[in-house]
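Enquirer: Protein chains in written order, with the numbering used here: chain H, 18 to 149; chain F, 18 to 149; chain P, 18 to 149.
For the record, the hints were derived by calculation from the structure and aren't laboratory data. Any given hint could be a false lead.
[To be verified] Which residues of chain P face chain H? A partial, calculated answer using Cβ under 10 Å:
#	residue
1	R21
2	I37
3	Y58
4	S93
5	Y94
6	E98
7	A107
8	S108
9	S113
10	R115
11	S141
Even for Gly, the Cβ is constructed at its ideal location relative to N, Cα and C.
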Amino acid sequence: MGVRGSFDVRTSSRLEMVDITRHVRDAVASHAAGDGWCTVYVPHTTAGVTINEGADPDVASDILDALERIVPSGGSYRHREGNAAAHVKASLVGSSARVPIEGGRLALGTWQAIFFCEFDGPRSRTVLFDVS
Amino acid sequence: MGVRGSFDVRTSSRLEMVDITRHVRDAVASHAAGDGWCTVYVPHTTAGVTINEGADPDVASDILDALERIVPSGGSYRHREGNAAAHVKASLVGSSARVPIEGGRLALGTWQAIFFCEFDGPRSRTVLFDVS
Amino acid sequence: MGVRGSFDVRTSSRLEMVDITRHVRDAVASHAAGDGWCTVYVPHTTAGVTINEGADPDVASDILDALERIVPSGGSYRHREGNAAAHVKASLVGSSARVPIEGGRLALGTWQAIFFCEFDGPRSRTVLFDVS
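The shape of chain H in the complex, shown without the other chains (with noise of 0.2 Å):
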């Protein structure tokens, strides 16, 4: 058990990867002491989280439209709501994640970020974080 808390993240577009590290990284900077991990939980089922390269953004892009290549949002599904390949899109990239953290910091690799990733936006969404 550990301490936890959670932020807003309002997207603007229906397929959008909002890169949410400063956040998490400010979460961790204030709650955190020594070694331990963060877990960054979304409450939705039509978004997800991944960790990936922030600093090309071209590298979101492509996961975006790879993801609709694989699972067109025009695609026949059953489920009449008009968003089934959302739902398809975050059971393939998962609703959470954990990043280490060392000597209370978060202990990224040198190109990865956190992204949140909107499959339904545009939305207010919330992301749960706990530090432990």
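With chain H fixed as given, assemble chains F and P onto it according to the hints.
Expert: This is chains F and P only, laid out in the frame that chain H set:
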């Protein structure tokens, strides 16, 4: 280190998503106090676990159908046991999921449910959980 | 907060799944007492970690082949470094995995092995583990 246990899931189709939220909720209710996490772990290589919408069963069907389009069971694979696609699907979905616990209760998002994902049934399966 | 460390993995192909179960098992055996979890974390953005069958090496080949069909290396991407597909694959597979520890030993399922997934090799890579 937390309190852990397991429960069995009996699947009835080759591809099936079984809502195990009640099982996990009961496990948490009987073990947890305060805040923490429940980790759900699948010790199989042709099954997985995911969190997605539980209200409309069409969402689970769409996820299974999309995975089957992405990784067709009848495709060409090297593994000779006839279930190669099930192994691939397992790695796409993942073998564990975490759900926050708040005040001793599972704190899923409004629409979230926990699904055991069967990709090579019907079988008797085991799901591990850990409350900490 | 647990005992943590890292080990290096040297990959020899562009796409490769390296069975790191022995590394993780040794780490757990030397650090753990009782029950807990081992978290395996990959601090890279063109690699991942997954749990799947280790007995037949064809399964790992099938996973790599399927991922290549889903996200072709030679596809059209914006990211100009030539490894966009590797980034997408990393987000599909994920950057961390958890394995239960029981009685001080890694408690993988009968057929489960832990694989470092190289999507942009050959390279020298690092894998972090945490036993808690």
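Enquirer: Now, for every hint given, state plainly whether the structure supports it.
Expert: These are the hints, each one checked on the structure:
1. R21: holds (6 Å)
2. I37: violated (17 Å)
3. Y58: Status holds, d = 6 Å.
4. S93: holds (9 Å)
5. Y94: holds (5 Å)
6. E98: holds (8 Å)
7. A107: The hint holds - P:A107 has a Cβ within 10 Å of chain H, the shortest such distance being about 6 Å.
8. S108: Since chain H brings a Cβ to about 4 Å from P:S108, closer than 10 Å, the hint holds.
9. S113: holds (5 Å)
10. R115: holds (8 Å)
11. S141: Hint on P:S141: violated, closest Cβ of chain H at ~13 Å, above 10 Å.
Hint compliance for this structure: hints 2 and 11 are not met, and every other hint is.
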